[in-house]
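In terms of my numbering, the sequence shown is residues 2 to 420.
I should point out that these hints are in silico values taken from the structure, not numbers from a laboratory.
Nothing here was measured: the structure is a model prediction, and the numbers come from that model.
Heads up, some of the hints might be wrong.
Unchecked claim - Derived pair list, reagent style DSS-like, types lysine-lysine, alpha-carbon separation capped at 30 angstroms: (1) Lys-22 x Lys-239; (2) Lys-259 x Lys-339; (3) Lys-160 x Lys-137; (4) Lys-38 x Lys-147; (5) Lys-22 x Lys-147.
To be verified - Label-pair distances were calculated between CB atoms; the ranges are: (6) Glu-255 x Glu-417: 37 to 47 angstroms; (7) Leu-139 x Asp-220: 39 to 49 angstroms; (8) Asp-220 x Glu-255: 42 to 52 angstroms; (9) Lys-123 x Tyr-272: 48 to 58 angstroms; (10) Asp-25 x Tyr-272: 47 to 57 angstroms; (11) Lys-282 x Asp-214: 48 to 58 angstroms; (12) Asn-156 x Gln-108: 20 to 30 angstroms.
Heads up, the beta-carbon is just placed ideally off N, CA and C, and yes, glycines get one too.
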Amino acid sequence: MGSVMNGWDLIAAARQRVLNKALDDVGSIYHVEKTYKLEILKIPITADAKIDIKAPNIKVRPGGGTKVDVIFPMSGQIAVEGLFTKNLDNASAVVTTDLLMVESDLQPENDNTYYDFIVNLKEGFIVDFKTEGTPKELEILVGIVKNMLKDLSDNKTYKLATIKMPKELKEHKALVPHLAKYSFIEDPKDIDNSVLAILMLSNSTKEGSMTIDNLLLPDGSDSGLLISNDIFMNQIVKPALIDGLKEKAKDKSEVASKISTKIEKGLNVIYNTGDIKVKEKHNPWISDLESKIDNGQFYAYLKVKANVTFMDIHISTWVKDWYEFYIEDDEIKMKQTKEEKDKHTSVEWWKWLIAAVLGPLYLIIFAIIVAAISTHVPSLGGSFADIAKQTVQWPNQKYVKLSDVTSPGDIIISTELGF
Numbered sequence: 002m003g004s005v006m007n008g009w010d011l012i013a014a015a016r017q018r019v020l021n022k023a024l025d026d027v028g029s030i031y032h033v034e035k036t037y038k039l040e041i042l043k044i045p046i047t048a049d050a051k052i053d054i055k056a057p058n059i060k061v062r063p064g065g066g067t068k069v070d071v072i073f074p075m076s077g078q079i080a081v082e083g084l085f086t087k088n089l090d091n092a093s094a095v096v097t098t099d100l101l102m103v104e105s106d107l108q109p110e111n112d113n114t115y116y117d118f119i120v121n122l123k124e125g126f127i128v129d130f131k132t133e134g135t136p137k138e139l140e141i142l143v144g145i146v147k148n149m150l151k152d153l154s155d156n157k158t159y160k161l162a163t164i165k166m167p168k169e170l171k172e173h174k175a176l177v178p179h180l181a182k183y184s185f186i187e188d189p190k191d192i193d194n195s196v197l198a199i200l201m202l203s204n205s206t207k208e209g210s211m212t213i214d215n216l217l218l219p220d221g222s223d224s225g226l227l228i229s230n231d232i233f234m235n236q237i238v239k240p241a242l243i244d245g246l247k248e249k250a251k252d253k254s255e256v257a258s259k260i261s262t263k264i265e266k267g268l269n270v271i272y273n274t275g276d277i278k279v280k281e282k283h284n285p286w287i288s289d290l291e292s293k294i295d296n297g298q299f300y301a302y303l304k305v306k307a308n309v310t311f312m313d314i315h316i317s318t319w320v321k322d323w324y325e326f327y328i329e330d331d332e333i334k335m336k337q338t339k340e341e342k343d344k345h346t347s348v349e350w351w352k353w354l355i356a357a358v359l360g361p362l363y364l365i366i367f368a369i370i371v372a373a374i375s376t377h378v379p380s381l382g383g384s385f386a387d388i389a390k391q392t393v394q395w396p397n398q399k400y401v402k403l404s405d406v407t408s409p410g411d412i413i414i415s416t417e418l419g420f
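Can you build the whole structure from these sequences, using the hints too?
Printed below as a string of structure tokens:
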């Protein structure tokens, strides 16, 4: 499976049902008691409104995109002078609008700026009022409700996500976004399964595509963070691997030039372009190295050779390891799921020499990657767990826990939200 990121480095995603639960948790009712003087259908209108507006729900529009329907349940009375009085019991205003990205009122950190993605009730939105009435009455009610919602936006903000970004971009960090946009993704089979995706660039500078043709999150996951295969392999694994190999190499200066990346089946593969001599007795060298995501697991291949000259023995051995990510104690960890080995020498009973000479090298890739994903790394902007829990916050979120991590190509960290 290739990348699903469409050119974005990071994507935070939450399903419609989760966002609506968060909005419902607001629990507040906005009370309107006001006289409106308007001109609707070229008719001067005076209307007295006594309305309760409940917390909204969102509904992703057919085909998804940047527009969304925001449904405001309403009850009360609207009396239009000289024309009609409408008692509202199960009425609702359906607002078709977009999201605005605005600087948040709360700024808890000096080095970062927090931005809110809020429902746009300022301008350019469309209102459809769901209640009984003649076409003329409904058109008048729509005009009144539209003004009512503009008043509402002056007093109350409905935010769907909050993101933090550095105030000054001194350097790109692999897991810290410097640009964010959004898109709604519809699930036509189950509308509550639809997704709001916050699309982010961290290390890249060119924006990805706004068209996302899959729901991003695994079945059973209601929210999470996706880290692109490119970011994971090139900005996390590769630098850590180079640094780790330098500690073992005879010539540290040659390591970086001998580790490269190529694309296979849409995914990044790290490999060596030349032998890397290791500072161990008998002068072994790494002849082949490969690291990638393979069938949903992290894969590492290492082939090491040595010439034991005083015994006239040539040693050549390789190991292939597969690891999977898992969650333990709210941290991301790795465990080995499979291993294949090959050991051979010109004399069978010299096999004991292989473990003595080459054994420690087999652990190097695993140790490097474990350190990279489990610790705070300045060049990343944090650890995997930090980023998954802190980069994007959803409305009225009280806590976030890591629930699962999968690697179908990109890294998908599923989270559980508490409201």
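* **Violations among the numbered hints** => Of the numbered hints, 1, 3 do not hold.
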